[in-house]
Amino acid sequence: MGCLVKIPTQLRAAAGGEAEAKIDGATVREVLNGLFELHQELRVRISDEDGSLRRFVNVYLAGEDIRFLDGLATPVSDGAELTILPAVAGG
Amino acid sequence: MAVSHLQCKECKAQYPLEALYVCERCFGPLEVAYDHSRSSGDVGELRRRIQGGPQNIWRYADFLPLAGGPPGPSGRLASRVGLPAGCTPLIRADRLAARLGLREVWVKNDAANPTHSFKDRVVSVAVTRARELGFETIACASTGNLANSVAAHGAALGLESYVFVPADLEEQKILATGIYGTNLVGVQGNYDDVNRLCTELCAERDWAFVNINLRPYYAEGSKTLAFEIAEQLGWELPDRCIVPVASGSLFTKIARGFEEWTELGLIESPARPLPRMNGAQAQGCSPVAGAFAAGHDVCRPVKPNTIAKSLAIGNPADGPYALDLARRTGGSVDAVSDEEIRAGIKLLAETTGVFTETAGGVTTAVLAKLAARGDIDPDERVVLVITGEGLKTLDAVRGTFETSTIAPTLEAFEASVSEGVAV
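Chains as they are written, first to last, in the numbering used here: chain A, 1 to 91; chain B, 1 to 423.
Just so you know, the hints here were simulated from the structure itself, not pulled from any lab data.
Capping the alpha-carbon separation at 25 Å, the derived lysine to any residue pairs in SDA-like fashion look like this: (1) B:9 / B:324; (2) B:303 / A:55; (3) B:346 / B:374; (4) B:9 / A:53; (5) B:9 / A:60; (6) A:6 / B:8; (7) B:303 / A:70; (8) B:303 / A:53; (9) B:9 / A:49; (10) B:9 / A:14; (11) B:9 / A:55; (12) A:22 / B:201; (13) B:303 / A:64; (14) B:9 / A:13; (15) A:6 / B:204; (16) A:6 / B:197; (17) A:6 / B:303; (18) B:9 / A:12; (19) B:12 / A:41.
Next comes chain A alone, as it looks inside the complex (with noise of 0.2 Å):
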């Protein structure tokens, strides 16, 4: 199953400058492995040692906040977009 994965402009330089990127897997988490694997540098980037996600990352299924879902164990379906983007303070 394919997914979009749209990288920030901020992580750019660490995945050889593709702003998205074309990657099978099942949830969150294998998609995420898998843009990992395609970019290594992008792991220590927005993981925690642990493998949870960085605080100020955030991440969007089909424009829905994946911790509204089941976090790095969502489903993803074929043909999903997923969206990283750094958490900003509103106001």
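Given chain A, work out where chain B should sit, using these hints.
Below, chain B without anything else, positioned relative to chain A:
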């Protein structure tokens, strides 16, 4: 100027003073770092510079992140000084204090800014820095007050502006934004959806999003609230501050302002480096208060459902820092219901003559809650930070009082109104 560089709050990596907001190494937020080593010696000289400055936030330019100093008529930017914010009243609220069993309560009324909220402080700083960096278009993701301010600053400075808000925002805030001739975009979703969209858009457009890519500069503007409070109290700190919490940025930057001045010796013999800091949230959007009560270090995002729309940020990026601040100062982060918010608006209006929006109702209601709970020593000097104007959220007070309609005759008045009124 003492401004030095941008620095990651998490891993301390350093970056140049550009339109950057995220650490590329760890994704942590960037903030402005200063080098005050040259100015820390002479407190009297520093105070005189402040007191000799203009009656707005630019009197604190030594502590703000502008490379070229404050904008002014003699500056490179000619007469384009924008909408000077700040120097709002600090009112001693004895009747409010008496009602709550306290002795010394002050109301910092930041509704007295050009667009009637504290956002003019942060926008003034962000937009001035954006101009220094050469941007020609300013933009924001907003819950309303920021929209008003960005649109107005764009008009004052002749900059194009784009303002993104949740489509279901209070009508008053929509009207008070569109009138400035901005490009107003209502987004179908809540604030967190608007914020996500703008974060994506920020990478696609060469615009200064004041609260995204200009955020390190923007956030610094909130420190001026602390500077003013301290200056207005005669270079002293309050014992406690009650501050509304949405993203947590205002709450933490007010504390940062107090800390900077204490470190520089500008505060008269502080009993402690910081006041007790109490954050105020609405129960319908209380990720920070929830984490505080549960003893957590991070906030679990929520879907907002409250009348306090200006505080309706379900995913507060500065939440961890707000939690840490409340805990290390002996404060708290509390939440109040929509009914308590309405009662808070009324309490403040009835006892001080200040009519605040829902966010101020949240703050006042939390003060009342802390007082009722016995958390506040009656001898404490308490500052209540009122961030916005009641006229922007009129729906919140509809139906909270009765009016009389009578024929224009003395008899009608006597019959319906004056009964029970002592003459």
